[in-house]
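Take the sequences, apply the hints, and build the full model.
Chains as they are written, first to last, in this note's numbering: chain L, 1 to 71; chain E, 1 to 265.
Derived from the structure by calculation, the hints contain no laboratory data.
Beta carbons: idealized from backbone N, C-alpha and C, even for Gly.
Among these hints, one or two may not hold up.
Residues of chain L placed beyond 12 angstroms of chain E at every Cβ, according to the derived structure [what the hints assert, rightly or not]:
#	residue
1	Glu25
2	Gln26
3	Lys38
One-sided excerpt, in silico: chain E residues whose CB lies under 10 angstroms from chain L [as the list claims (entries may be wrong)]:
#	residue
4	Gln72
5	Pro93
6	Gly115
7	Gly147
8	Ile170
9	Arg171
10	Asp221
11	Val225
12	Gly228
Facing chain L, a subset of chain E residues (Cβ under 10 angstroms, in silico) [stated by the list, open to error]:
#	residue
13	Glu89
14	Val118
15	His200
16	Gly241
17	Val243
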Amino acid sequence: MILYTPMPLELVFEGLDTSPPRTFEQIVCQGTSVLAEKAAHGQYKVIRVLSTDPAVFLDPGLQPDSLVRAD
Amino acid sequence: MARNDMENEPEIYPYEPEDPGEPDQDEEPCEPGRARRVTGKSKESIEGIKELGTTDVVVPKSNIHCLTIVGQIEGHLVLPPQNKTTKYEHVIPQLVALEESNEIEGTLIILNTVGGDVEAGLAIAEMITTMSKPSVSLVLGGGHSIGVPVAVAASYSFIAETASMTIHPIRLNGLVIGVPQTYEYLDKMQDRVVRFITRHSRIDDATLRELMFRTGDLARDIGSVLIGKEAVDKGLINQVGGVGEAVAKLKAMIEEKKNKGDSLH
Numbered sequence: 001m002i003l004y005t006p007m008p009l010e011l012v013f014e015g016l017d018t019s020p021p022r023t024f025e026q027i028v029c030q031g032t033s034v035l036a037e038k039a040a041h042g043q044y045k046v047i048r049v050l051s052t053d054p055a056v057f058l059d060p061g062l063q064p065d066s067l068v069r070a071d
Numbered sequence: 001m002a003r004n005d006m007e008n009e010p011e012i013y014p015y016e017p018e019d020p021g022e023p024d025q026d027e028e029p030c031e032p033g034r035a036r037r038v039t040g041k042s043k044e045s046i047e048g049i050k051e052l053g054t055t056d057v058v059v060p061k062s063n064i065h066c067l068t069i070v071g072q073i074e075g076h077l078v079l080p081p082q083n084k085t086t087k088y089e090h091v092i093p094q095l096v097a098l099e100e101s102n103e104i105e106g107t108l109i110i111l112n113t114v115g116g117d118v119e120a121g122l123a124i125a126e127m128i129t130t131m132s133k134p135s136v137s138l139v140l141g142g143g144h145s146i147g148v149p150v151a152v153a154a155s156y157s158f159i160a161e162t163a164s165m166t167i168h169p170i171r172l173n174g175l176v177i178g179v180p181q182t183y184e185y186l187d188k189m190q191d192r193v194v195r196f197i198t199r200h201s202r203i204d205d206a207t208l209r210e211l212m213f214r215t216g217d218l219a220r221d222i223g224s225v226l227i228g229k230e231a232v233d234k235g236l237i238n239q240v241g242g243v244g245e246a247v248a249k250l251k252a253m254i255e256e257k258k259n260k261g262d263s264l265h
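Written out as structure tokens, the structure is:
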């Protein structure tokens with residue numbers, strides 16, 4: 001992997017080895033499979049949409065980092 | 001039509017035990033097949049008027065879609081959370097949806113990126129450039145490094161007067177083995193980027209490489225920074241402009257394509 005950026009790499013990678021590993025869960029949200037990270041108040045943060053329907057990726061409620069609830 | 005119905009689905013509201021809620025009077029008159037966003041008021045907008053005195057602006061459905069590419073273009077490695085990132089695994093299917101959609105006729109790409117993964121950036125750039133629908137890119141703030149191929153990938157490109165683009169050589173990160181193959185590999189990766197940019201803009205190979213390997217412009221690196229008009233003068237970007245010009249150009253290109261009929265593809 002090559003990062004092509006004018007930003008200093010030590011800034012980009014800061015905290016990569018010290019931050020706790022993140023755990024993702026596969027949940028179903030609005031009828032779509034979503035890889036998500038547990039957030040506060042029973043909500044989940046969308047990490048990745050697992051779908052083969054391209055239209056789902058335009059859904060404003062399922063953008064990466066948006067907070068959702070499992071079905 | 002199936003997608004239309006999906007977009008008109010009411011949103012899911014969080015359950016609030018204290019709130020008795022309003023009777024959903026606006027649910028009834030909304031006929032099937034009519035856009036809810038235009039005809040009715042959502043529960044949220046009524047709450048907005050009551051609680052905050054704000055109203056929703058009625059947004060008619062647009063035939064263009066705006067794709068924003070911000071922060072780092074994230075590739076095969078999930079970057080630490082202090083980075084703002086654009087995820088390629090989400091952007092690529094979005095571009096497929098835009099290409100395939102019957103309602104969307106053009107794409108506006110807004111860039112304010114500090115570059116990122118070479119492969120992810122080139123993948124997005126290749127997707128944009130091979131779309132049959134017109135696309136216009138607008139560089140605001142910055143379109144650095146791998147943001148350059150993404151900016152030139154659009155059918156027509158704009159740069160804000162104050163926006164900058166950093167052109168510099170790629171670097172290897174991680175374990176570097178001091179063998180001639182390492183240099184050759186790096187050179188090949190460099191060529192991928194250079195070739196894409198020269199193929200999709202008016203800049204020639206020699207000028208781009210001169211900008212890329214220039215010394216004395218950047219404090220911590222070799223390369224150069226092009227600001228607004230300079231990027232246009234070097235042939236990298238088509239025109240200096242803002243959002244007004246970019247949307248007008250995109251609309252004009254959509255019209256032009258319509259008039260030509262299906263002769264393009």
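So, going through the hints one by one against the coordinates:
no.	hint	result
1	Glu25	holds (16 angstroms)
2	Gln26	holds (15 angstroms)
3	Lys38	holds (15 angstroms)
4	Gln72	holds (7 angstroms)
5	Pro93	holds (4 angstroms)
6	Gly115	holds (4 angstroms)
7	Gly147	holds (9 angstroms)
8	Ile170	holds (5 angstroms)
9	Arg171	holds (8 angstroms)
10	Asp221	holds (7 angstroms)
11	Val225	holds (9 angstroms)
12	Gly228	violated (17 angstroms)
13	Glu89	holds (6 angstroms)
14	Val118	holds (4 angstroms)
15	His200	violated (17 angstroms)
16	Gly241	violated (24 angstroms)
17	Val243	violated (20 angstroms)
Hint violations for this structure: numbers 12, 15, 16 and 17, all remaining hints satisfied.
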